[in-house]
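*Asks:* Could you build all of it, start to finish, from the sequences and the hints given here?
Residue numbers (the numbering used here), protein chains in the order written: chain U, 74 to 573; chain R, -7 to 316.
Derived from the structure by calculation, the hints contain no laboratory data. Misleading hints may appear alongside valid ones.
The calculated lysine-lysine pairs, modelled on BS3-like cross-linking and capped at a C-alpha distance of 30 Å, are [unchecked claim]:
(1) U:Lys423 - R:Lys211
(2) R:Lys179 - R:Lys101
(3) U:Lys263 - R:Lys174
(4) R:Lys204 - U:Lys214
(5) R:Lys280 - R:Lys174
(6) R:Lys146 - R:Lys224
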Amino acid sequence: MDLFTNLYQGFQIGLSPINLIYCFIGVLLGTLIGVLPGIGPSAAIALLLPTTFRVSPVSAIIMLAGIYYGAMYGGSTTSILVNIPGEAASVVTCLDGYQMARKGRAGPALGISAFGSFIAGTLSVVGLMILAIPLSNVALKFGFPEYFAIMCLGLSIVSYLGRGSIFKALTMAALGVSISFIGMDVVVGKPRFDFGLLVLGDGVGLIPLLMGLFGIAEVLSNMEQKSLAREIFQAKIKGLLPSARDWIDSLGAIFRGSVLGFFLGILPGGGAVISSFISYAVEKKVSKHPERLGTGAIEGVAGPESANNAATGGAFIPLFVLGIPSNVAMALLLGALMIHGLQPGPLLLKQHPEIFWGTVASMYLGNAMLLVLNLPLIGVWVKLLRVPYKILFPMILLFCLIGAYSVNNNPADMLVMLFFGVLGYLLRKYGYELAPLVLAFVLGPQMEQAFRQSLILSDGSFAIFFTRPISAAAMGLAVFLLITAVIPTFRVKREKMETA
Amino acid sequence: MKKQVLIHWVLGLVIFFFTIPHALAAEGFPTKPLELIVPFAAGGGTDVMCRTMVARAASFLSNQPVVVVNKTGAATVAASRYVLDGRNDGYTLYSTSTSSMMIVPLMQKTDFSWRDFMGIAQVLRGGDGFFVRTDFPHNTLEKFIAYAKQNPGKIKYTSAGTGSTTHLAMEGFAAAVGMDIKHIPTKGDAEAVMAILGGHVVAASGSLTPYKPHLESGKLKCLAQYGVERDKLFPQIPTFKEQGIDVIVDLWRWVVVPKGVAADRVKILAAAFKNILHDKETLASLEKVGNPVTYLPPEEYENVMKASEVAMAKLLKIAKMEGK
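*Replies:* So this is what it looks like as structure tokens:
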């Protein structure tokens, strides 16, 4: 069978000693970078690009790809331990992961995150192998109205993210979208809402926003508690690995997350982020005890973590099959291939299949290496939590400041972060959820762009969103989800009024 | 006690003497690494080109490496400001192109322009074109223009972004032949390529490199290039000028320094970059990444800039995008 001979060739390449070494370096660096907020995999890939000039193209891609999916593994660590997401795709992990850590269950959270990522990563590689070409054709069918509809769908699940009032969640989403308007307008090309500040000329940076809303705000609200009572962490850490019970709870979430992540990862722009949020909402919907999510339910970690790792596999499809990068990291890999004189696209698969299959095989190996790397580290991370909070929180603050600065080498980003830190603290105090804000902020610019592009295409007619099949289906689903989320609230209110 | 004081004195003097060479290094320019500021994100076309270009620069600059620093933000204005507001000691170089140096200042009426910089070397010129789907029935230039004239507003095309050379060239083209086509802006070539491949638009304007694999596979056809002459890597595609349409949009890339750098340092930099851009290995690497070099020395800076300014101002006016 063609598939197996190709795979066999791929493994021959992937298992060669030099490629194993490159794979290891890549995933190790990726994990480290994922743990450190601010420096993302894109920056690391960019910095290491010149070192790959003299190396064979396959080895170069193996190492750089390793950094990319390694970073996804690492990003969840800080989310679980200190409620600071390493990147937007790890925001959802904070919701339940951090709650688990507060109950002394950081170990199982980290463990299921590692295992889930491994299973999801492996499944997505299988998907990449078998479905690459047919799926790339599906991806091409997504035009501007379809993108807008999918974003609407993503936004509509905002209502499932919080534990509290739906309307508060929607308010946060509206705020998130408004903040996302700051910056350069895509259609006209002029800056807007930037208050004349150069730092806002490109919009609010995602990293300063995340560091501020989650990192700084968390520190501020912890400091408000008089007793700095973090002895919860001093309590006995109940086992470092997920128990059998945990596995039973998580298995479904892992598979659902993998499928979701893989298919959504194919669409350019925010595949990993949106799939992690949708996975969380799906878990909440299928769970028999939805109120557990948000208090430290392991499915809330397993699902999203699997989803964002599966999305990395999906993201390779547009790159390899069409030569189109779906995010910055993929664009860098594209650059790396071009430096070696290879341009990804329909011809590359025909002329140089070993690049594709060598990378695929190496991704299997990389996922395995990551699992082996991350599991022993769990014990190390958990020990970190025993550090008394009065020493830990200045370190967290420093961490955040460096992270915010390192994005653009711009000190003004740190001020932006501090602003959002105060904002996040106030929002938390009054019971507003932050996850909807982040989701809306990430989706906002893409939604607006797709919306306006669609209207130019349709010469101003709104019907375009409902006459094209994919777009109509997604919009319909979005409206349905929103309505079903809001109705119970009205019913409760009516009942209250009737019994009053 | 005395022994400690003595040791401290000796250490101090040793350190002092080691730093003197640096302080007196004015003659030996450069004596520390140089920075090449790139106004775009790591991994983009500009960034890859710059990193490839300076990979072997050290051997021409007294063994001092050139380090690429990305300063993204505010559509290149942040990087331009960073270079202008910094020290003009010759250690900060800036990689500019038609967009950052010409279009953005004209569009946004910034307080700086190309006159605030001095050219060191032109790296390349050219590289944008206009593509249609091969299965579009009007897939030659004459048929396309005829169809567009008969169906005003019906054809939609994508570009690499509002205000980019790819957008302005098409607006100029439309005005020159008198047709009404609609522009759908995207954020970069990648999105535009997907849109045309998926059949959501029939025409696209973009830089040649991302479209190349699809030209080779036969799905897309390139009807014209925008430069004053044919790009070295695409010699078989005619330019607008050759086909009788008076639209020339040159995408050029220059390495510049802010005005005020000492004349002798400018000379050293110019000579070094001349050597870098004639170095066989560097040229080969740059061709591999789709950026064949078209070198021009600093003396040509003013001419190129003036011609470009006239052309861009005209196109911005046609596209109704001049600054307020």
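*Asks:* Is it true that the CA of Lys204 (chain R) sits at most 30 Å from the CA of Lys214 (chain U)?
*Replies:* Given that 30 Å is the threshold and the Cα spacing comes to 21 Å, the pair holds.
*Asks:* Does the alpha-carbon distance linking Lys263 (chain U) and Lys174 (chain R) stay inside the 30 Å limit?
*Replies:* 19 Å, holds
*Asks:* Taking 30 Å as the top limit, are the C-alpha atoms of Lys280 (chain R) and Lys174 (chain R) close enough?
*Replies:* Status violated; Cα separation ~34 Å.
*Asks:* Tell me if the straight-line CA distance from Lys179 (chain R) to Lys101 (chain R) falls inside 30 Å.
*Replies:* 22 Å, holds
*Asks:* Holds or violated: are the alpha carbons of Lys146 (chain R) and Lys224 (chain R) at most 30 Å from each other?
*Replies:* With Cα atoms ~34 Å apart, Lys146 (chain R) and Lys224 (chain R) exceed 30 Å; violated.
*Asks:* Would you check the hint for Lys423 (chain U) and Lys211 (chain R), treating anything up to 30 Å between C-alpha atoms as holding?
*Replies:* Satisfied, since the Cα-Cα distance of roughly 16 Å is no more than 30 Å.
Checked against the numbered hints given earlier, the structure breaks hints 5, 6 and satisfies all the rest.
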